[in-house]
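Visitor: Below are the chains, spelled out letter by letter.
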Amino acid sequence: MKKAKISKYFFIYTMLGIGSTISLIPLLWLIRCSFMSTEDMFKLPLILVPKSLNLQNYVDVFTMVPFARFYLNTIVIVLINIIGALISNLSIAYGLARIDFRGRKLMFSLSIGTLMLPAYVQLIPLFLEWNFIGGINTWLPLTVPAFFGNAFFIFMLYQFLRTIPRDYDEAAFMDGANYPAIIVKVILPLAKPAMAVVAIFQFMFTWNDFMAPLLFLNDTKLFTLAIGLRTFISTFYTPWGVLMAAATLTVLPLILLFFMAQKYFVSGLTMGGIKG
Amino acid sequence: MSFKKRGMNDRRQNLWGWILISPLVMGLTLWVVFPMGLSIFTSMTRWDMISKPEFVGFQNYIEIFTKDELFLKSIRNTVYFTLLSVPMQMLVALMGALLLNSSINGKGVFRTIFYLPSLIPIVVSSIMWLWMYNHQYGLINFFLNNLGLDKVKWIDSTEMVIPSLSIMNIWNIGNVIVIFLAGLQGIPDDLMEAVEIDGGNSWHKFHFVILPLLSPIILYNMIVSLIKCLQLFVEPYIMTNGGPVNSSLSFVLHIYNNAFKYGKMGMANAMAWVLFILTMFISLIIFKTSDQWTYYEGDKK
Numbered sequence: 001m002k003k004a005k006i007s008k009y010f011f012i013y014t015m016l017g018i019g020s021t022i023s024l025i026p027l028l029w030l031i032r033c034s035f036m037s038t039e040d041m042f043k044l045p046l047i048l049v050p051k052s053l054n055l056q057n058y059v060d061v062f063t064m065v066p067f068a069r070f071y072l073n074t075i076v077i078v079l080i081n082i083i084g085a086l087i088s089n090l091s092i093a094y095g096l097a098r099i100d101f102r103g104r105k106l107m108f109s110l111s112i113g114t115l116m117l118p119a120y121v122q123l124i125p126l127f128l129e130w131n132f133i134g135g136i137n138t139w140l141p142l143t144v145p146a147f148f149g150n151a152f153f154i155f156m157l158y159q160f161l162r163t164i165p166r167d168y169d170e171a172a173f174m175d176g177a178n179y180p181a182i183i184v185k186v187i188l189p190l191a192k193p194a195m196a197v198v199a200i201f202q203f204m205f206t207w208n209d210f211m212a213p214l215l216f217l218n219d220t221k222l223f224t225l226a227i228g229l230r231t232f233i234s235t236f237y238t239p240w241g242v243l244m245a246a247a248t249l250t251v252l253p254l255i256l257l258f259f260m261a262q263k264y265f266v267s268g269l270t271m272g273g274i275k276g
Numbered sequence: 001m002s003f004k005k006r007g008m009n010d011r012r013q014n015l016w017g018w019i020l021i022s023p024l025v026m027g028l029t030l031w032v033v034f035p036m037g038l039s040i041f042t043s044m045t046r047w048d049m050i051s052k053p054e055f056v057g058f059q060n061y062i063e064i065f066t067k068d069e070l071f072l073k074s075i076r077n078t079v080y081f082t083l084l085s086v087p088m089q090m091l092v093a094l095m096g097a098l099l100l101n102s103s104i105n106g107k108g109v110f111r112t113i114f115y116l117p118s119l120i121p122i123v124v125s126s127i128m129w130l131w132m133y134n135h136q137y138g139l140i141n142f143f144l145n146n147l148g149l150d151k152v153k154w155i156d157s158t159e160m161v162i163p164s165l166s167i168m169n170i171w172n173i174g175n176v177i178v179i180f181l182a183g184l185q186g187i188p189d190d191l192m193e194a195v196e197i198d199g200g201n202s203w204h205k206f207h208f209v210i211l212p213l214l215s216p217i218i219l220y221n222m223i224v225s226l227i228k229c230l231q232l233f234v235e236p237y238i239m240t241n242g243g244p245v246n247s248s249l250s251f252v253l254h255i256y257n258n259a260f261k262y263g264k265m266g267m268a269n270a271m272a273w274v275l276f277i278l279t280m281f282i283s284l285i286i287f288k289t290s291d292q293w294t295y296y297e298g299d300k301k
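In order, the protein sequence lines correspond to chains Z and L. Here the first sequence is numbered in my numbering, starting from 1 and rising by one per residue. Here the second sequence is numbered in my numbering, starting from 1 and rising by one per residue.
Chain L with its partners taken away, still in its complex shape (with noise of 0.2 Å):
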């Protein structure tokens, strides 16, 4: 093969991937780049999108932190739920994953059951359990009250409502056990029998095999459950319209707010890059000290 002949064919080459690619070109000019952009200004100025945008600079983001109480409220909230929900799905998760694993008659019936919350629609999920919450009509106070125990005011209450946001989210847990679920599939018998040999029980199996095997997954899984329940929106824009008393305020449903109902949209983009920075933060601190106790087997250590 000839130098120039190469030569043509790298720029063919060339051309053809990057006529292929276009698409995402343009997607994230369109859709990234270019919004991102117009947030970055937009969160400098006051505008309520009727008259012209005021120019203020770092002043929003300053008002943010001095003056909108309901801001840190929303935080304080969601970080609540947050510290709530992603542990307590992982744990959940992981313990389904495990009994689905183990070798018994029907347990593609169990499998499918258990993932059939997954594909409710999270609107129709927010109705479902809003309804099974009700104080008076409930399933849940009927349950309680016929084993003799006190009703609760789930989402009616100060203190419940997160709590409640957060039993219905656990709820909603497929996706999570089927990730789980393919990682202990792909967890080797040979090492497994090892512990039989050395006369381990199921306690050593799981603690010196599956969880050293499975952190990595554990890892994703905690990544993608802790952005999801960062951006907390639909639940209690439908069901509790961030009440009682802003106690379900979460971080998005106040920035929607601020946006599209109070028209303070300079306001509104400044908070969403803020959460855009503690969500980014968080996420790597998580990464950071997961050096500790995720294992890959590739590494050499």
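Bound conformation, chain Z alone (with noise of 0.2 Å):
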């Protein structure tokens, strides 16, 4: 019986400590690569660990193309995106889940079904209908969407609000509160740690989006990281050392966000899960 035990451990270690390899391989790789030249990644055999750390690439990110810039830009343009989010969903969700107008539930059921749209069907018409209004290569496109609420932060916050008791907004309104204050006053407080969840996904899908940028800007000095990344990369010569070393800079800041943050990373994800 406890032999079995013990063999039963011994298989989930091993099983665990693969899993584990094949994770942390990549990133590893990423990083060694980043504190190599180019003529030391294209040596054979290779070589594994670099000898010494050489720190080029990471002067080179910076001189070889606006790499300042794309952070700055990135930053800024999260941050509003957040700035939006918080406010859009916190407004929608109050009112789906917490007043009782008439058409509530129509609203909600079109809320949620945008969710089962997928993105690149709307692409092109967007793509459409920002050139009609005259808002490609400016930052119209990326940020002010954000505005009018996600479907995946309205069912979140929804499902949250739910769990407040009703008392709370009533005791607000007798002391004639509206439901302006009422939420800002009442519900903001208490729903923190949802709103949390809400900013941290917004700097997620802002910071590491790909196809917007991709569509809307044309002009390097108004790039992101993400296709910021794709300017190093050419038909004739890629920098690999100071592209790898850009990567890096690229997925820092995300790490570290996870590891301050890390309980609201699970919470988001699963109750967009399992509460569907």
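Hints are supplied without guarantee of correctness; some may be wrong.
As the list claims (entries may be wrong) - Calculated lysine-lysine pairs in the DSSO-like style (CA-CA distance at most 30 Å, straight line):
hint: 1; chain 1: L; residue 1: K73; chain 2: L; residue 2: K153
hint: 2; chain 1: L; residue 1: K151; chain 2: L; residue 2: K73
hint: 3; chain 1: L; residue 1: K107; chain 2: Z; residue 2: K192
hint: 4; chain 1: L; residue 1: K228; chain 2: L; residue 2: K73
hint: 5; chain 1: L; residue 1: K153; chain 2: L; residue 2: K52
hint: 6; chain 1: L; residue 1: K261; chain 2: L; residue 2: K153
hint: 7; chain 1: L; residue 1: K52; chain 2: L; residue 2: K67
hint: 8; chain 1: Z; residue 1: K185; chain 2: Z; residue 2: K105
hint: 9; chain 1: Z; residue 1: K43; chain 2: L; residue 2: K153
hint: 10; chain 1: L; residue 1: K153; chain 2: Z; residue 2: K3
hint: 11; chain 1: L; residue 1: K151; chain 2: Z; residue 2: K51
hint: 12; chain 1: Z; residue 1: K105; chain 2: L; residue 2: K288
hint: 13; chain 1: L; residue 1: K151; chain 2: Z; residue 2: K43
hint: 14; chain 1: Z; residue 1: K8; chain 2: L; residue 2: K205
hint: 15; chain 1: L; residue 1: K205; chain 2: L; residue 2: K153
hint: 16; chain 1: L; residue 1: K107; chain 2: Z; residue 2: K8
hint: 17; chain 1: L; residue 1: K205; chain 2: Z; residue 2: K263
hint: 18; chain 1: Z; residue 1: K5; chain 2: L; residue 2: K205
hint: 19; chain 1: Z; residue 1: K105; chain 2: Z; residue 2: K43
hint: 20; chain 1: Z; residue 1: K221; chain 2: L; residue 2: K261
hint: 21; chain 1: Z; residue 1: K263; chain 2: L; residue 2: K52
hint: 22; chain 1: Z; residue 1: K105; chain 2: L; residue 2: K228
hint: 23; chain 1: Z; residue 1: K185; chain 2: Z; residue 2: K263
hint: 24; chain 1: Z; residue 1: K2; chain 2: L; residue 2: K228
hint: 25; chain 1: Z; residue 1: K2; chain 2: L; residue 2: K107
hint: 26; chain 1: L; residue 1: K288; chain 2: L; residue 2: K205
hint: 27; chain 1: L; residue 1: K107; chain 2: Z; residue 2: K5
hint: 28; chain 1: L; residue 1: K107; chain 2: L; residue 2: K261
hint: 29; chain 1: L; residue 1: K153; chain 2: Z; residue 2: K51
hint: 30; chain 1: Z; residue 1: K263; chain 2: L; residue 2: K107
hint: 31; chain 1: L; residue 1: K107; chain 2: Z; residue 2: K3
None of these hints come from the bench; they were simulated from the model.
The two chains are supplied separately, each in an independent frame; assemble them into the complex guided by the hints.
Guide: In structure tokens:
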């Protein structure tokens, strides 16, 4: 019996070890390459661990392309998106979850319905629409939509707001508060953890978004990190070491964010998945 | 409470409700209804965005299937990728979740490590794997070589390019694992104990308790990963540009090329609609057949 148990644990740890190695190796390989000169990367047999930490790639990242600019652009766009997402989704979710108005159910279903809509069906029509309005090569298509709600966040906040007793609203109502005041003074303090999830996921979505900047931006000065990385790749010459350093710098904030706010990641993922 | 007062209250509530959800109403109009209408119209025109659109009816839809060989090839590639990826992802993620759910020391660390790849932006993972798959200087072939095996032309060969993209996708499975894991944690312990008392082993637990109770979550993950796989774009766009010989030309990449490379807006829109219908159709089949294999505790049956 005991022997069986030991071999069971041995099996589990071995499998977890293999899984972890596979998960980590590409990341470690990325970091390894970011510290190597291009010549060293193209040496056979492969040098697995660089002999010295070559920081030149990290310097070149900022001189070869306007990488600092890409970084700043991305941060600005991310912040605007987070503000938009926090305001719009809380307002919408509050309306749907806590006010009994006519048409509530229909609007809820329509919102959830857009979750099923694959992004690519809208891509070209959205491009045509922004082209018509004159938003091509501006940040408008990358920022404005965040102020109109997102079905995933609406659904998540909706689920959360339903767990708060309605008496709170009514008590505030008796004291003469209107809905915006109730949302800001009563609901917002209670909804902080859920709002944190919205902010973090919006950060991730915007930071990682590739499609929208690819479609809407041509001017390198406006580029975000996601498409900025592509400017290193060319048919004639790709400075692999520099590209890897740039990629490492792109990933770094995400990893830091994850370690600071780990529990929100899990609750955000499962709220969409389990209760749905 | 008088009738009149209640009536006023209702009207006020209706008004406030609509005011608070007004961003949603505008959003649906601006980013869904209007563009979709525009897209349907455009799909029936021949338009290069420079000259005026010329109305051609269903011509584009007919030409997609009769004249564009690459379209059929891109369907084939995408479906192949999806059929390869979805079952593998479900299997690997479920196994990962089961392992991470066992009562062992240090599972927090393992959970973090398994989730890490999901944080990597798709552009970065494409660049990363592009280099990992490099025929001469890539790490994977280095390992194979050291094991005494032949080097594989991962993304450089017509046969291996789709499986390569699929493997890369399995690496990036942390999200799915987290959702499975949460599901596993929701399974009550007494059910597991009941199996043990009846003399059941791990396989019995898995077969009679875990699988049925987890089936709605399996369905959810399946649909999500299916829709994702059918939208394959960034990886082939960055890593192979659809090559070699169009064998990784995915559906969405083909649509993108038509719209922004060849300037065939109408054609591209028509294709997007065909893909949309295909996606809905496949999801519907899965939903319909899922009644057979999903189990909801609330159901009477």
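Visitor: Please go over all the hints and tell whether each is borne out by the structure.
Guide: Results for each hint:
1. K73/L - K153/L: Satisfied, since the Cα-Cα distance of roughly 21 Å is no more than 30 Å.
2. K151/L - K73/L: Holds: K151/L and K73/L sit about 28 Å apart, inside 30 Å.
3. K107/L - K192/Z: Between K107/L and K192/Z the Cα gap is close to 28 Å, so the pair holds against 30 Å.
4. K228/L - K73/L: holds, 19 Å
5. K153/L - K52/L: violated, 46 Å
6. K261/L - K153/L: Measuring from Cα to Cα gives roughly 28 Å; hence the hint holds.
7. K52/L - K67/L: holds, 23 Å
8. K185/Z - K105/Z: holds, 26 Å
9. K43/Z - K153/L: holds, 19 Å
10. K153/L - K3/Z: Roughly 44 Å separates the two Cα atoms, so the pair is violated.
11. K151/L - K51/Z: holds, 26 Å
12. K105/Z - K288/L: holds, 24 Å
13. K151/L - K43/Z: With Cα atoms ~17 Å apart, K151/L and K43/Z stay inside 30 Å; holds.
14. K8/Z - K205/L: The hint holds at about 15 Å.
15. K205/L - K153/L: violated, 42 Å
16. K107/L - K8/Z: holds, 15 Å
17. K205/L - K263/Z: With Cα atoms ~29 Å apart, K205/L and K263/Z stay inside 30 Å; holds.
18. K5/Z - K205/L: holds, 16 Å
19. K105/Z - K43/Z: violated, 63 Å
20. K221/Z - K261/L: The given pair, whose Cα atoms are some 22 Å apart, holds under the 30 Å limit.
21. K263/Z - K52/L: violated, 53 Å
22. K105/Z - K228/L: Since the Cα atoms of K105/Z and K228/L sit roughly 28 Å apart, the hinted pair holds (cutoff 30 Å).
23. K185/Z - K263/Z: With Cα atoms ~25 Å apart, K185/Z and K263/Z stay inside 30 Å; holds.
24. K2/Z - K228/L: violated, 45 Å
25. K2/Z - K107/L: holds, 22 Å
26. K288/L - K205/L: holds, 27 Å
27. K107/L - K5/Z: holds, 17 Å
28. K107/L - K261/L: violated, 48 Å
29. K153/L - K51/Z: With a Cα-Cα distance of about 29 Å, the restraint between K153/L and K51/Z holds, given a limit of 30 Å.
30. K263/Z - K107/L: holds, 15 Å
31. K107/L - K3/Z: Distance ~22 Å between K107/L and K3/Z Cα, so the pair holds.
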